[in-house]
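Q: Chain by chain, the residues run as shown.
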Amino acid sequence: MLPFFMLKKLFFIILILSSTIAYSQTILGTITDVEQNNLDYSYVLIKDFDSTNVKEYSIARKGKYEIDLKKKYLKIVVEIQSNGYVTGKRVIDNPQKNKTYTIDFILEKDTTTNKLDEVIITAKRKPFKIKKDTVSYNVNSYRDGSERKIEDIIKKLPGIEVDKNTGAIKYKGKPIENVTLDGDNLFGHNYTLGTKNINVDMVEQIEAIENYSENPLLKGIEKGDKVSINLKLKKGKFNFSGNIDFGSGISENLNEVLDINANLLGITKAYKTFATLSYNNIGINRSPFNYFGFSQNREQFIEKRFLAKRIIPETSFLNTLDEERVNINNQYFGNYNALFKINKRLKIKTNLYYVNDKITSEQLFENQFIIDGQSFTTTDDISIEKKPKQYRGDLEVKYNASKTSLLEYNLTIQQENIQTPSSVVSNNDNSFTTLLNSESFYLRQKLLFTKKISDKKAFQFSVFQSTNNIPQNFQINPSIIDPINYENDIQKSEYSKNYLEVQSILLGSTTKKNKYTFSVGGIIDNNKLQSELFSQNLAGNNTAENGINNLRYSKKTMYQLGSYQFNTGKWKLSPSYRFRYLDQEIYNKESNTKNTQTNFLFEPSINIKYKLNEISSFLGTANYEQSSIVDNYLFQNQILINNRTSVSNIPSLELQEALSYGFSYLHDDLYNLLEVAIGMNYQNRNGNFFTNSTINQNTTQINYFFLPQDNNNLNFNFSATKYIRFLESTVKSNSNYSISRYKNIVNNSELRNNESRFFNTQLNFRTAFRLFVNFENTINFSQSISQSDNSNEFINESLNNTFKIILKPAKKWFVLLSSDYFLPNLKQKSENYMFLDASVRFRPKNKRLEFNLIAKNLLNETNFEQIQTSDFSTNIYRTNILPRYYMLNMSYDF
Amino acid sequence: MKIFFLLLLIPCYCLSQNNISSLNYELTRTVELLTFNAYGVLKVDFKNKTSNFKLSQYVNKLKGGDFVKSSLNENDSLEVIGPKVICRDYKFYYNDFKKDSTYTILYNTYCKNKVLIKDTINYPKWEIKDECKKIGKYNAQKATAFINDRTWTVYFTNELGINGGPWRLIGLPGLVLEATENTSTYEFKLTEINKSSESSKIIKPYHKNQTTFNEFVEKSIKESKERELFLFSKIPGVIIGEIDINSFHLFETLDYIEKRK
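Here the protein sequences come in this chain order: F and P.
Sequential numbering from -7 applies to the first sequence in this note's numbering.
Sequential numbering from 37 applies to the second sequence in this note's numbering.
Bear in mind the hints are in silico, worked out from the structure with no lab data behind them.
Where is the CB? At the ideal position from N, CA and C, for every residue including glycine.
One or more of the hints may lead you astray.
[To be verified] Examples of chain F residues toward chain P, derived with CB under 10 Å: (1) TYR33; (2) LEU37; (3) ASN45; (4) GLU48; (5) GLN73; (6) GLY80; (7) THR94; (8) ILE98; (9) LEU99; (10) GLU100; (11) ASP102; (12) LEU665; (13) THR722.
[Unchecked claim] Okay, derived cross-link-like pairs now, DSS-like style, lysine-lysine, Cα gap no bigger than 25 Å in a straight line: (14) F/LYS54 x F/LYS301; (15) P/LYS150 x F/LYS714; (16) F/LYS54 x P/LYS150; (17) F/LYS714 x P/LYS154; (18) F/LYS56 x P/LYS134; (19) F/LYS56 x P/LYS255.
Please put together the full structure from these sequences, using the hints given.
A: Below is the structure:
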């Protein structure tokens, strides 16, 4: 038995030993240089003896190190590394448990001349990829639950604007050419078919592309002006997918309101298709064609010069309200788009459209005229039903004859019929029924050959042919020409146009990235107009006096165009010119007279951009153009266009000279969250067709005649947007002021000088609180003043305020309440309108289903009155509005 | 006297060894199908125990107007335009290992946002792995650590006698040759070594705006969100209140990833 004091010692030894058993081995020591100076910063490495891999390490400070090994080793090497010194090494064989190893290191300076310059250890630097920042938007980042169609997302993307009425998209102020699907152009110019119908869930990414070239052979050669959007579809959806929307509800007069829409998208490697079928009677236009308002879609705007004229105008539905409130429709729309990739070289695309609509409207036109001191009023109470029907098919074939050449063929065939029956009560005592039947047959073909000569040059040759016939028939009951003897009057009109253009273009770019184009071409444009106005009864027809037109108008052009784009430092200059040989001829068969004119024209223009700094620039444009404007004013004898108006012209082949200048300043400061744009535009047109109107209580006769007189227009605009940090809101202001000077003759007056001034300003305030509630308010004020020499000034001022409350009470719910207040005439405050709308959206967890409860026009405003002033009249236009309705809409994605 | 000077010269000549090694790195940032390249230079001063990593702006962001060389399919015309204003200055990551302090110069898109962040060195907790691979003619060993919201995997070698790494990849017993991280967005690669290239001192970076790292991150994220809202507000018809800022992509840069509640 050990003595007690030894037991104590033993106990302590055991205690110490046991504590060291709990820890693994410890290695410590000092690190100094040959002069005994502590080496401040060194690395202590533990390596397995038979490997160069580092197993454990620690950093030694101020010449001392201590490292506790975490693993068990058979044989280790302790290495001390200190920059500038030779590495010190010590081997520990079979490091014992519970043992502390004290190893001091003395390191020698590393004097070897290490001039191992330029040692490249990776294969090669990655080749410099010239992939710039894409303006590529990930769809999910912009979703918040309120969007359903991809158009709703596109609206939100920075730099992108969507026009509410036509759905046209602008990127950085430039209108976009196409919306492509995974690079394929399925929709052509009518891209709203895609953006209005494709469900948000089908799209992964949206790319906005500047300097877009639809022809890949022209990339880098073509002047970079075009802009495009590419929708990248979700991978794995290489199958059929789509969605069905079904909405049903009830409107104020107990009529059923319906909104049904089905979309199908199918993609496989060689075949991409998109189809849509819809029906609605709540004022939505799902087609790319607008039969309600005046707005032309992008394609119609481009095609304007190939289309015949519609001599008898279709019914216009003027509006300052959203089209959806006043478009009382019944629209069936069907569309099928398909792209077939036959093989590597051949692609065929087809688009088919069907539209069938019925737009009804109750309109009241009240016009107060003050002419030569005399005043009188006319009223027309009209009940209209406009029934357009359209069938259209497009075909596009693209063939890559070789790697540097492309052949494209495009064909469009369109048949459109618009039937517009209406009943009119004129001046409260005369009642008429009218029926306008307009047909339009349009055939258009284009053959385009592109050859890439080199990386910097390309050549194109094209042939374009189109035919458009518009036969119209306008009937009015009873006859207004001779109501005693005849039952009705019929105005027949047929305008046809045949257009042929051949063009060859040379495009190129220089080493300095300047771009140029030269082209030569010829156009033959033949127009035929035949019309007859006659009164009809059971016995026969009687042609009205001066009621026949039969003429041919042909225009032959040969042209040479050139343009060049210089880029030097901060300046970007784009001068261009056009030489034209223009030959016009009007042959009037009725009077057997011919009118000809030949002109040689030179039309220059220039665009200048100066980049002041990274965030501001100046833009200037100047443009001179001469054009023949007689297409609309060809017929000398009268044509009846509605129950009270007939039109005739004194045609002239004289050209109109248009000179315009524009100047603007843009400031885009994303750092200070401020954007400002100021612009001015002046346009002078010398040589116009002026109106000579003879107006009395029952009839209006308008005669157009040409005078080499000026019309001019000066316009100023200003817009600014600023995000105010402490208010967490954005403020936006837009103002526009324009002055127009024009001439006319009214009721045999002298040539009057008129001036109209128009001012509009809008202020918009939007909050972006991180709360469940947000607000938005827009107030809009307009003033228009019309005046004529020595006569009264007509002034009209109107006000409009829209207020919205946006609520997100919970994740699956979204509520939007909005109020629209209109005061069309500030002088008559009692005539005001208030529209209230509400919508509640619920998206349950499975996300394929969505419910919407919509209530529109809660206060049931039934009529809207709009006032317009001209230099000799005040025109009040009253129209009916879609009555109050409630609807439940269900949407299902598959 | 002459001998004295000569004696003085000899030790000085021995000591006038170049003490700074210069290493060139390439940083590649990959976002979806696009890559951006930035270049960095790491200078390690073994005498004064300091290092400085100078990182350039992404080179591809500086100019706009060029065409994509490799397109996705024959119809893609991915010519894209860069942001209008972007700062071209460098970012600096300076470490003084003796004093245990670090000076970082960072900015968010605009030069006006530049800040200096002073802190103590935060050594990453490296886990050294057994895996090795050959990079060039050097044996490189794998190590991982969680640094600034990402898990980085690096390959380092101690055959060069230099300790260090680009950006915040410091504290390893060797030189970082390659580094990648778990979100596959960023990648560092060593491209050139200039051992003992100069003999001088690395200058500590300085800027008058000083702040802490967390404050800098918070301010950067807030300002970027405001810019996005501002861009939306320029579009007619957009209901700003409908947009949920928190549904945007998480804002991220090399130095941080936004944390959302």
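Q: Are there hints from earlier that the structure breaks, and if so, what are their numbers?
A: 6, 7, 8, 9, 10, 14, 16, 17 and 19
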